[in-house]
Amino acid sequence: MAEAQAAQIGSIVPGSPEEKRLHEIWEAEPGWRGWLSTTDHKSIGLRYLFTAFFFLIAGGIEALIIRLQLARPNLSLVTPEQYAQLFTMHGLTMIFLYALPILSGFSNYLWPLVLGSRDMAFPRLNAFSYWIFIFAGAFLYASFPLGQAPNDGWFNYVPFSGPVYNVGPNIDVYALGMVLLGLSTTAGAVNFVVTFLRLRAPGMSIPRVPIMTWGTLAASFGNLFAVPAVSLAFFLLWLDRNFGTHFFDIAHDGKALLWQHLFWIFGHPWVYVIVLPAMGIVSMGLPTFCRRPLVGYMPVALSTVATMLLGFEVWVHHMFATGLPSLSLSFFGAASMIISIPSAVATFAWIATIWLGRPVFKVPFLFFAGFIILFVIGGVSGVMTAAVPLDLQLNDTYFVVAHLHYVLLGINVFPVVGGIYYWFPKFSGRMNSEKLGRLAFWIMFIGFNLGFFPMHIAGLLGMPRRIYTYPPNMGWDTVNMVTTAGSFLFALGVLVFVIDVFYSIYKGAKAPINPWDAPSLEWTTPSPPPPYNFAVIPFVGSRYPLWEGRLAEAEGRSRLDEGYLLMNGRETLGTTAMHAEPDAILKMPADSYFPLVASIFISALFVALLLHALIMAITTVALGLLSLVGWLWPRPVLRMEAAA
Amino acid sequence: MLAMNAPLDYFLHADGSASKPVLTLDWVFASIVVAVCIIVGVLLVMALFRQRAPETVLPREDDGLSWIVVGTTLSVFALLGMTVYMLATLEQISKPSRAPALTINVTARQWWWQVEYGADDPAKRFSTANEIHIPTGEPILIVLNSTDVIHTFWVPRLAGKTQAIPGLTNRQWIEADQPGIYWGQCTEYCGVQHAHMAFKVVAETPQDFDAWREAQAKPAALAEGGGRSVFMSQCSGCHAIRGTTAAGAYGPDLTHLQSRQLIAAGLMTNTQDHLSDWISRPQELKSGARMPNFDLPAGDKAALLSYLQTLR
Amino acid sequence: MSESMLPTVPVRNEARLSGWFGMWTLIATEASLFVYLLFSYYYLKLQTDQPWPPEGPPRLLLSSVNTFLLLTSSLFVYFGERKLKQDRKKAAVALIAIAIAFGTAFVLIQLKEWSRKSFSISTHLYGSLYFTITGFHLLHVVLGMGMLAVVSAWTAMGYCTKSEHGPVSAAALYWHFVDAVWIFIFGTFFIVPYL
Amino acid sequence: MEQTASPGTFRLTVDLCGAAAAWIILHTAGFALSSYACYPHNSPAREPMLPHFGLALGSLGIICTLAALLFCWSASASWRGIRNTPGARRFMAGMGLLMSLLFLVATALTTAAILLISPCSPWK
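Chains as they are written, first to last, in the working numbering: chain V, 1 to 644; chain S, 1 to 312; chain A, 1 to 195; chain C, 1 to 124.
Note that these hints are calculated values from the structure, not bench results.
Values in this document were obtained by computation on a predicted structure and should not be read as measured data.
No residue lacks a Cβ here, since even glycine has one placed at the ideal position from N, Cα and C.
Hints may contain errors.
Here are the computed lysine to any residue pairs in the SDA-like style, where the Cα-Cα straight-line distance is at most 25 Å [as the list claims (entries may be wrong)]:
id, chain 1, residue 1, chain 2, residue 2
1, A, 45, A, 157
2, A, 89, V, 244
3, A, 162, V, 576
4, V, 362, S, 48
5, A, 90, A, 74
6, V, 362, S, 50
7, V, 435, S, 48
8, S, 20, C, 116
9, V, 362, S, 56
10, S, 301, S, 290
11, A, 45, V, 569
12, A, 162, V, 569
13, A, 45, S, 147
14, A, 89, A, 157
15, A, 117, V, 244
Only part of the chain V face toward chain C is listed, based on derived beta-carbon distances under 8 Å [unchecked claim]:
id, residue
16, 25
17, 207
18, 298
Working from the sequences, and respecting the hints, build out all of it.
Here it is, written out as structure tokens:
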């Protein structure tokens, strides 16, 4: 019975009744109901992108205030306490609320499209992770207007963040907000891992998966193992602050260094979590504009995986100055040097791809090519900080600030903006403005280097991080002035980009299906894609399905117009993990309010914990668990469909 | 030149055997990484703009693997060399070549540095603040503690950083080849006044150092007068003056206040006007500092200031 | 290429429901949480000068009984899942119910064990570690029992069947994980002090 | 199947993870032991607190390097056996070879660190 129904294979012509039926099956309800209940990965992906970009702008404004304060010596635009809250909020916003969520946005939107699936493995969990993300973001920002925002830097060292030296709610907000945000990150990671293992189009065996998915896959595995460390650290700190435990309480044999270990065991893998998917965006987009496949698919994939693995064993390089024995430090110095080998692999792969290709200088390509040099500068300054004796000088100076901005802006923001340009036709159905795009790139590129390169020099001249002002006789006046000017120029570039996005959404030319002549599956769907992504699940016969005619050696032929029909309710195809052989028809859940309801209750629980409201906490836990049961409640409709 | 008057610079100056090998390492590494950036940049520009033959052959995916093989192999060898060099330097600076001549206990506090010189004879022990005097040409052991939060001890021209962590006793050695003043600064965020937590290392010839130490070990000269009683009633809860009953331990020991060049952990030079300002409104000059504003009657304040002038 | 190239596919291959993969990823992340908890424990223990545990090695009787109960409950869950796969729903529900009963006994005994301690979470470092780590585990036991209760209810209501045992399998997997973690916690707090 | 020379899944997994595991063991154990031996409580120790510490750590380094070498050899044998048969297994074998090479370098450098740096210094 079920098998007979399952075997239907065929093709669906655009505009046919079958296509309309698919639309009905997959479309979200119109209006606000659909908006709150949708589980469409494309809507969720775009929401992630918008929300994360909003946080980028918030963090950017904080940065500009910081730069104004530091433009000249002895300024007092903000008070020292305001300054502390500004740099803390700037750091945590950019690192936690922008850098990963924006990449989750890309992956959410693109994964099912590049993998040839109709949705993520757990669409409701996907909605849940977005709602938790935005609630956690609101939670972390809630105390900022009251002047009680987190104020101990994003790495929040104890004992300064402990109950004795930091009595306000500031750090409790940070601690609980991070645990809450961790839920979102973990939910997202679970979804990506299972989607990768389970939802690839038939024929898309491991060596054929689009290169960008390796980055997000590695990052998701990284999250699964790293996020618990930071959630635990913040939870223990919260216990210390609220229930008199002694984990970090020096007077009772707690250890200040335990925090540093737990934080950086998370923190360093996290650095790779927020750059590997962005490098994947480049590896995916760059070859399109070079008109040839990426050179060295396997080495690049390997370098992604190896970087993530090595990333778990370098955390102590943030702790070189803690007085640990030299021998202990030397292990981590060596490991931190080694981690640049996979980066070298990726760099040479990109350059070789350009060298052997025929570059087409469209806006996304400018960002990807510009990224390469920023990647190298950020990488080699990392090699300098990996050298233990040298890091004992560089540590906690502006050299490190320069390094981390080259890494995070160079390797995250540039690929992200390039990626938005690259997939803009898919996102919006419109083409961006080449003129505005080029302008945005050049202003951003020049502003970025003008703003952040001098920070290296400020660092070599001994300027420490996190000082709210400095006297005029330290030799830092000029570099700081230049940095401030550059950062405003960079901000202007971002503004031009935002203008371009809004202009093009309304006024851009209609985008064709595959405007860049790209090789991967998302470019077979209309721009923007329909709610069901693929009318039939395509069969993938090679690594570059859309370029099979023009490569000297394509391993096989893909079939894109004909495949599994799968239209008995929301269905997509499950395939085996290694060889992607068809394995099962997966019944996908309907849209639901439960993810939103569950995330409201869970977020309310954290508010209750912050306020020490016991009854509210118990109520929210009970309601949250109930909504989870409701969410997972088996659907008899499935069996009826199967039996039909 | 701009770099010449940057007192915390460590890229152009290294003035002791704990920092000199690192300066060399710094330049070697910096040269290599700048070279790498230039090479990659040139390759990138060439790749972007080189002349290309008209399109005749279909691209093959595996063309260009030699780029990765050659590039990565070269990088691996460069990294091997750099790592071994780095490790050798680490071993070199991990400890001085001979036993330390002197041990100084430095306790980091929000937001100043307490500096203690031990001695077998209790009468010779003394405590000072924000100014570490050392003899030249000798390795000096700094024993680091913190009474509150994590701070970092850093005298860039003499040595790298070491955190002062409450509950732990870290060590750092410094050595100055020539007499001079070397600036230091806390570099771990430690609260609102992290920016104003500077100190100085004053390196002197052994003779000068001995003379200084001798003078510091003496109790304060006993000046009588109104100023002293103002001090005892207003200041002695936090500050100590050896030879008097003032034994407060929260703030710097003021026994030889006038021998110091700076006050308030490097915030201001030690002049009569600055002291007066500091006593009246520390919360405006260094908001959050542990010292409250003292609104003293004009007469009391003048007396107190003239008393402080006697603390030489 | 001919259509016969594409194999036919059954609706839902039950052994490999996405939820089953999802449960493994959840276990991976939860396991690392416990690894970090135990890391913190050993890190602090190795550096303390206090007597450890402060009141001498703990009494073993209750906790050994508890260990026995929890490990046995895993067996019941295992057989319950098997019965369901053999289409014997009632037996499955009964076996899982026994496992839940054992779990409840574990929770009660653990609470008794807690109440016998003369220290609290804020008394000293050991107390903080002891109550936090066993508390985390207890929370997972309660969560696991909740999962088992829900899936056994679904089985009784006819939602989970021989061909659709996915939720039961996932809950069972979680329960085995919770039991496995206990072995490490039991070893840390009750066996290691005697070594 | 005729491909008798083709390595099995277990072998491929070992090739992929073996050298990495050798390095992770060396790195983690080396770090934990040296931190404990030289900074056991609240202040640095002059001598390692563990007996025969330098010798033990050096031996561990050499054993792990040899193990990584062995995994490299195994991975390259697997790769040679399968390199002409396209597909997922060939890909895994290639990943295994690259992974082993990378972690051989890592293990060797970590051993170099053990040999070059003295266990504890009276200063630290």
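A quick look at each hint next to the structure:
no.	hint	in the structure
1	A:45 <-> A:157	violated, 49 Å
2	A:89 <-> V:244	violated, 49 Å
3	A:162 <-> V:576	holds, 22 Å
4	V:362 <-> S:48	holds, 13 Å
5	A:90 <-> A:74	holds, 18 Å
6	V:362 <-> S:50	holds, 17 Å
7	V:435 <-> S:48	holds, 20 Å
8	S:20 <-> C:116	holds, 20 Å
9	V:362 <-> S:56	holds, 23 Å
10	S:301 <-> S:290	holds, 20 Å
11	A:45 <-> V:569	violated, 56 Å
12	A:162 <-> V:569	holds, 23 Å
13	A:45 <-> S:147	holds, 23 Å
14	A:89 <-> A:157	holds, 10 Å
15	A:117 <-> V:244	holds, 17 Å
16	25	violated, 33 Å
17	207	holds, 4 Å
18	298	holds, 5 Å
In this structure, the earlier hints numbered 1, 2, 11 and 16 are contradicted, and the remaining ones agree with it.
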